[in-house]
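Undergrad: The whole structure should be built from the sequences, with the hints applied where relevant.
Protein sequence lines, in the order shown, are assigned to chains A and B.
Numbering that gives the first Met the number 0 puts the first sequence at residues 0 to 152.
Numbering that gives the first Met the number 0 puts the second sequence at residues 0 to 152.
Mimicking BS3-like on lysine-lysine, the simulated pairs with C-alpha atoms at most 27 Å apart in a straight line are:
| no. | chain 1 | residue 1 | chain 2 | residue 2 |
| --- | --- | --- | --- | --- |
| 1 | B | K111 | A | K10 |
| 2 | A | K33 | A | K12 |
| 3 | A | K25 | A | K10 |
| 4 | B | K12 | B | K111 |
| 5 | B | K25 | B | K126 |
| 6 | B | K25 | B | K12 |
| 7 | A | K25 | A | K12 |
| 8 | B | K33 | A | K10 |
| 9 | B | K12 | A | K111 |
| 10 | A | K111 | B | K10 |
| 11 | B | K126 | B | K33 |
| 12 | A | K33 | A | K111 |
| 13 | A | K126 | A | K25 |
| 14 | A | K12 | B | K111 |
| 15 | A | K126 | A | K33 |
| 16 | B | K25 | B | K111 |
| 17 | B | K12 | B | K33 |
| 18 | B | K111 | B | K33 |
| 19 | B | K10 | A | K33 |
| 20 | B | K12 | A | K12 |
Hints were generated in silico from the structure; no laboratory data involved.
One-letter residues, chain by chain:
2 protein chains.
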Amino acid sequence: MTSTQPPVHRKAKGYRWEGVVVQPYKEDARALFKAVTRQVLFADPQQGSELRYFEIAPGGFSSLERHAHTHNVLILRGHGHCLVGREVREIVTHDLIAVPPITWHQFRATGKEPLGFLCMVNAARDKPQLPTPEELAEFEQDPRIADFLNGTR
Amino acid sequence: MTSTQPPVHRKAKGYRWEGVVVQPYKEDARALFKAVTRQVLFADPQQGSELRYFEIAPGGFSSLERHAHTHNVLILRGHGHCLVGREVREIVTHDLIAVPPITWHQFRATGKEPLGFLCMVNAARDKPQLPTPEELAEFEQDPRIADFLNGTR
Numbered sequence: 000m001t002s003t004q005p006p007v008h009r010k011a012k013g014y015r016w017e018g019v020v021v022q023p024y025k026e027d028a029r030a031l032f033k034a035v036t037r038q039v040l041f042a043d044p045q046q047g048s049e050l051r052y053f054e055i056a057p058g059g060f061s062s063l064e065r066h067a068h069t070h071n072v073l074i075l076r077g078h079g080h081c082l083v084g085r086e087v088r089e090i091v092t093h094d095l096i097a098v099p100p101i102t103w104h105q106f107r108a109t110g111k112e113p114l115g116f117l118c119m120v121n122a123a124r125d126k127p128q129l130p131t132p133e134e135l136a137e138f139e140q141d142p143r144i145a146d147f148l149n150g151t152r
Numbered sequence: 000m001t002s003t004q005p006p007v008h009r010k011a012k013g014y015r016w017e018g019v020v021v022q023p024y025k026e027d028a029r030a031l032f033k034a035v036t037r038q039v040l041f042a043d044p045q046q047g048s049e050l051r052y053f054e055i056a057p058g059g060f061s062s063l064e065r066h067a068h069t070h071n072v073l074i075l076r077g078h079g080h081c082l083v084g085r086e087v088r089e090i091v092t093h094d095l096i097a098v099p100p101i102t103w104h105q106f107r108a109t110g111k112e113p114l115g116f117l118c119m120v121n122a123a124r125d126k127p128q129l130p131t132p133e134e135l136a137e138f139e140q141d142p143r144i145a146d147f148l149n150g151t152r
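TA: Written out as structure tokens, the structure reads:
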């Protein structure tokens, strides 16, 4: 057993887990985001993917980004909206979201409770790209996406 | 986008998901198990791991087995008990269980509701080993494990 092997059993405590550190969402100062925390639940060196839990406070949002790696998401608590590509979808507890490669995406907690979700991702992954001002302006031309981005949907 | 790319959004319907087939737990006729279903939520060819949802009806149990690949489990509904190695643990919703390589394990739905859990696993994995009669007899010598295996705990 190596030092990276987690304990066999870690108890849940209201969307926190024994031995799991609640971390800031990301260190990338370029990205715009609000009220998001991150917990790495499994980073098993014997598996190709990791499982993280993100929680967004009401009114908060993840960064709008894209990258070559994929995200496989299961909503664990609350509800909200997400943008994937040019699709805005309402998401509720236990829904599944698959973010394909090089596809813009953002999650927003649009309800009165936190939006919490599991995200499975490759352990080895590329750095996210952020939209240019021109790309953002292009998004704003779609009224449904503009409402999503402005939180006024 | 290949044919294996799932839809961006699949809605949850009471622990069933749009477009996800409810499958028998396993095809291996050697294994002893009871009242278990399997749903593959994500089998993303761009990721090294898959995410499956297993549901065990009250009184049911998964097969007692071990293998080189690891399991990373999050309890999604209900509660029960699990054996990992020689440890019997009570597990409740959102608890995490990490099954190390070549470690005997079994999950049992010991409550009145189904026990449902997510299991992250390598896409490429070895075939489970089942205990020999001698190994089972050895387990039965530990009263706590015997109670677990006999469902009388």
